[in-house]
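**Q** Now for the letters of each chain:
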Amino acid sequence: MPGLGILTIFVLVALLAPVLAPYDPHALSGQPLERPSAAHPLGTNDIGQDILSELIFGARISLIVALAASMGTVALATLIGAAAGYLGGWLDTALMRGVDVLLALPRLPLLILLAALLGAGLPQTIAIIALLFWPAAARTIRAQTQSLRRRGYIQMARQLGGGTGYVLRRHIVPALAPLLAFELVMAAGRAVALEAGLAFLGIGDAAAKSWGLMMRFALNLPGLLLGDRWLWWLLPPAACLTLLILTLTCIGIGLEERWQPRLKRRP
Amino acid sequence: MSHPNRPSFLILIVIAGLLAACAAPTATPAPVAPEAAPTAPAAAPASSTAAPAPARVKALRLVGGTDWGYPSPFGFNRGPGYTRASYIFDTLVWRDRFGQTIPWLATEWRVSDDNLTWTFTLRDGVKWHDGKPLTVEDVVFSYQYFAKTGSGWFMAPISDVASVTAVGERQVAIKLKRPFAPFLTTIAEPVFIIPKHIWEKVEDPKKFTGPEAVIGSGPYKLIQYSKAEGAYLYEANDDYFLGKPYVQRLEFIPVGDVALALANRQIDAFDKFGGVTDEMLAPFTKAPFRIGKAPGEWGMNLYFNLSAQSPIADVRVRRAIAHTVDRDALVARLLLGFGEPGSPGGLPPANPFYNPAAQTVYPHDVAQAKALLREADYAEGQAVTINLTYSTSDNPRLVEMLAAQLAEAGIALKPVPMDQAALDAAAQAGNYDMLLVGFGGLGGDPDQLRRNFASTSKTVGFSRARGYASAEFDKLADEQVSLLDFAARKAALDRMQMILAQDLPALPLYYTARVVVYNAEVFDNWYFTPGGYGGGIPMPFNKHQFITGLETGLKIKGAQ
Amino acid sequence: MATAIETTPVETLHAAPLQQPGDITSLRPADTTSRLSVRDLRVHFPTACEVVRAVDGVSFDLAGGEALAVIGETGSGKTSIARALLGLHPAGVTTGSIRLAGQELVGLPEDAWRAVRWRRIALAAQNAGSAFDPVYRIGEQIAEPLRHHRGLTPVEALARAILLAEEVGLSARHLAAYPHQLSGGEKQRAMLAMALSCQPEILIVDEPTSGQDMLARAEVISLLGRLRRERGMSLLLISHDLAAVAQLADRVAVLYAGQLVEAGPAAGLIEDPRHPYTWGLRNAYPSMTTARDLAGIRGDLPDPTQPPAGCRFHPRCTQAVERCRLVEPTLMPLERARPFPRQGGEDRWIACHLGGLQTLLRATDLRKTFSTNGSAAKVEAVRGAGIEVYEGEVVALVGQTGSGKSTLARLIVGLEQAEAGRVELEGQELTALTGEALRRARRRVQYIAQDPFDALSPRLTVAEIVREPLEIHRLGTRAEQDAVVRDALSAVGLPVASEFLARHTHELSGGQLQRIAIARALVLDPKLLIADEPVSMLDPSEQARVIILLKQIQNQRGMGLVLISHDLALVRKVADRIYVMRAGEIVEWGPASRIISRPQHEYTGALLAAAPAFDL
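Chains as they are written, first to last, in my numbering: chain A, 1 to 267; chain B, 1 to 560; chain C, 1 to 616.
Some hints could be false.
As the list claims (entries may be wrong) - Ranges of calculated distance between the beta carbons of each label pair, as one might list FRET restraints:
no.: 1; chain 1: C; residue 1: 498; chain 2: A; residue 2: 147; range: 39 to 49 Å
no.: 2; chain 1: A; residue 1: 16; chain 2: C; residue 2: 495; range: 29 to 39 Å
no.: 3; chain 1: A; residue 1: 253; chain 2: B; residue 2: 287; range: 46 to 56 Å
no.: 4; chain 1: C; residue 1: 525; chain 2: A; residue 2: 147; range: 31 to 41 Å
no.: 5; chain 1: C; residue 1: 303; chain 2: A; residue 2: 174; range: 35 to 45 Å
no.: 6; chain 1: C; residue 1: 477; chain 2: A; residue 2: 239; range: 32 to 42 Å
no.: 7; chain 1: B; residue 1: 212; chain 2: A; residue 2: 35; range: 51 to 61 Å
no.: 8; chain 1: A; residue 1: 231; chain 2: B; residue 2: 461; range: 39 to 49 Å
no.: 9; chain 1: B; residue 1: 421; chain 2: A; residue 2: 27; range: 13 to 23 Å
no.: 10; chain 1: A; residue 1: 102; chain 2: B; residue 2: 98; range: 41 to 51 Å
no.: 11; chain 1: B; residue 1: 425; chain 2: A; residue 2: 113; range: 12 to 22 Å
Source of the hints: derived by calculation from the structure; they are not laboratory data.
Note that CB positions come from ideal geometry on N, CA and C, so glycine has one too.
With the hints as constraints, model all of the structure from the sequences given.
**A** Here you go:
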């Protein structure tokens, strides 16, 4: 899978960021707005930080967010989707109505509200992403759980006296694993995009070195696109983001085809 | 102040837009003079023979996108909000491109020999937007209403007014409690005259937000206001007492990159405070664009809450901070050199009362700062942690750089981010240890030092210092306001600036130089009003320039 | 639904067997109409160092003209009773009391016995062939006792013998023949003629039908019936042929290891056995009409020299409790023996602490309605149906697809929630149970689903699948669980190699999967197995093997088994009783033999007609 190869490169860059980056991304290693040079291959940003170093360290934020937020999303979605699908009844109705409401809510105001409630920072950003994304995944997981619940071996485990926790842990979640892997990867892709979007909107930790924030600061410079500065300041983080999101999406689609050829996505 | 962009939500869309934008600079014939556009200049030569058909600006599109409140006398926020309300409401006097006080609703005025009573003669034939005549009763009512509803309406020291009375049909006498040097600029100029027949019934003006709340006598009528989009749309009041305004329509519309928008002719002008380089302005150095610049009258300040239980209650810690913060570096990096370092005296170089001596009290000296901290019983290497409240709409780089600089002296910042409205409220309530707050008006009357820092000041607002009390400062502050002689008043203010620098209730960090970039083909009468309009607002949006199309006087360009 | 299977009410007979001698006087004075009264009869053969307790305290009465059958397995002591009644045991071997019309026979000297033997009590021995002397003609041998006991002349005796021969359906030609020239049936008749020669009051017939073909057997039965009617004599049938017993006897006494375990009117006892042994005996019995495989009762008769303590049947009993191991039960009327007497009843006596065969499962008036795909239309899948399962029996629930039989099973095991009705398991109402108590009760019933592909997780290994019930119920250590898993797999004939244990379901055949499903159902050691179409997904040869396996396991473990099937031909081989279900209701139920041979509901008839006639 070429997607995994590219993802591995991203992970390596993130892990080896202190070795690879020429400067501390927070250090004022040059004058503001330097053009590319030997000392600063991608120039410097508006306060004189090395853009290449920012870019390399930015992979860390994106991947941490991808990992944590997607796991948070899938954990929440699994908890709620599997509980609703498995237990059914009024709980299912209540949870799914809640999901419907959350899905119907406009995202942007919800984002801003959550950001206001939770404050800025990477953990908050991760929490916001997880809180935003779980409903859609929960719905898919619920549908799958419902069909699993009708499977004989799960009915038998329940009949034997297997409690909800046991059946979920032993049967439902393992049976959901391929779907969860898919949701995880797709949520990771969306999380990367949303983190960038949040950083871009200024919701989040403004001192973090993330690609979204790099783009935000670049675009904050009036007339950036009128000159050639965007070539080394805006384009690299945008390209990295696009590549990472595309990579994760490709892996997700690959997983979907491989493990769940008959899986029906949202009806 | 920053204008937060309204970028596309999804990053992919950003990238798509980015790709589209790649082509934009080449496609835009910015540097090339366009073929004769159907705009004003074409009509101008005909005016000599034909009936006077004034060449007016049909619409002026300006940068919006931020909500500054409903432009009623009690609904707006800060300077930009005041500006938007000032298009609807007039005042007794106003000021022109040169900072000169000019007649407005009042045609003339005189002050009594004891310098306590100011008598204004009202202009004839002024009508409210609803057609009712504006009378002396409205003026008397307005001053009384503002005095009643708050001691400091938009920080105008209206509490120094003892009484307002009608003198005959056309005159109003305003009696002061003491001789008040900045009366015209800080009271008569900013205080809106509002229609008595509407507001006398209003119990809670803050909650009065209907269409009647924006009935004024001003040159423009509010057509549309969108809180969510921060959009304001005005149309000219053709019954205006000066005649039909030169600019017929004002639009504050949301845009992304202001420079790009101007280059693409989506807007007709933008202004920027600090953070401007020649490279950035390069696309606008040729016709039809023009650039106007002015020194800084808007400053970013680090306020210390002296009534709070924190390390900064100790003046040595504040001084250590002042020595540590490299204000020149802030100007160089945050403003890209387009601005000046803050003066611990509290007034910027652009203010006529600026005392340069206050500027040099705290050279950048980390060793000195560490010595001061040790003096204040903080051991070497012991971390001093201070909460820093700041607005998320301010430049986030500032906090980043401040944190990095203060860390050199062993001072750690604990950031407390807030949105602008929450920050203003926290500032007003004194709910902070250290506060980053920016505001303009610094080029205006220096009485602001009294209002913000004297313990006797009754001013309420985000620029009011907390917990600071200096007997000498209070005394000088109360004296200077009545000193009508410039030299005498400056001497007092020089001393006051030195006291502030010594005591440091606040540390001004930098002043943003200002630029306005505009398309002169659409409208060319852009300027920064010296000292600011409406009591010190440093923006290039003085209504005088839109009404008259000229730098001074009350004649409208092109009108007979 | 009625528990008692339809029984023919039999008029209360004059005497009922009693085991304790003391009971005779206290409970019921010796009935003068009793021709024969046996009390506490014991036949103990001393051998070199042990005592063989062939008969150990048997009491019964035989009235004039009455036919009593004593049934039991070979070795249960039937023949020893017969020989005791004829005084054929050596002196001292027989103890207790045998009174013939009030005369005590036990302890009579041999010459006194001669007046009784043949004259008053005659025996038609079991092995007719060996009872005759090969060198004499049959006629001479029949005449012999006439001359000997009644002092007739040879001519008179011969004339009498010819009459007797005619009475049993033999001709003069037969009388002239030597024993080896006669068929088994003919020798049997000759034996009867000989036994009848002295016109005894009581005729003991030992295994009259054993070793005979169907036709001869039928003739013997009709002959015995006719003789008894014509002569008005009492008949003591000693047999294990339940069909013969059912046709000939008025009452039946069931003998096990030298003791009576159940007694009562023949029709009711055979149709509705109450003692687990009788039950097993009946079920073990091959029947022409049910075409069932011979099932047998698990285990063997105990060693008569060392009978087990307590109830002698307890080692083979599926429902034995601690008390059965310690205390010897007393034969007493069924109504008194039951812990919770029920109304109605009959003249049935039983020696069982538990009051006889236990009801494992009693499901009554269950109802379930399904709404189809959200539409308003509702399907009444089960409409007040119920089912009863006794200890150790195989019940078949048959009906066409859609008759609601699966739903009924799922309601019973709790896979579906019933809208109404009760499910009692071993006397416990399940709906009244919650939490741990319900879990414990549910353990007792295991369900085997139709489709093993669906019922077994594709993600677990064989070992994990079979272990899961133990895991859920947290039974035993891991090592103990592994041992149980291996036992269960062995029981269903699957390998226990670790390679096999680590396989997943997709690596196994349908037959293997169904065996795994059965093994999984066994690990909790259930009392009742409910198998829902357990073989419908398998090919025919595998079907037979799995059905036989289920039957074997049921038999070995003494479980109840409910077999749900649409295939009457399949289940009638193994079922003791059959319930027929149609459109959510039970339309007919009863012993398999009866349902197969005399269906009373037209639907059952239709099912039978549709069932393939071939036998596996």
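**Q** Each hint: holds or not?
**A** Comparing the hints with the structure gives:
no.	hint	result
1	498(C) / 147(A): 39 to 49 Å	violated, 33 Å
2	16(A) / 495(C): 29 to 39 Å	violated, 52 Å
3	253(A) / 287(B): 46 to 56 Å	holds, 53 Å
4	525(C) / 147(A): 31 to 41 Å	holds, 33 Å
5	303(C) / 174(A): 35 to 45 Å	violated, 54 Å
6	477(C) / 239(A): 32 to 42 Å	violated, 59 Å
7	212(B) / 35(A): 51 to 61 Å	holds, 56 Å
8	231(A) / 461(B): 39 to 49 Å	holds, 45 Å
9	421(B) / 27(A): 13 to 23 Å	violated, 34 Å
10	102(A) / 98(B): 41 to 51 Å	violated, 58 Å
11	425(B) / 113(A): 12 to 22 Å	holds, 18 Å
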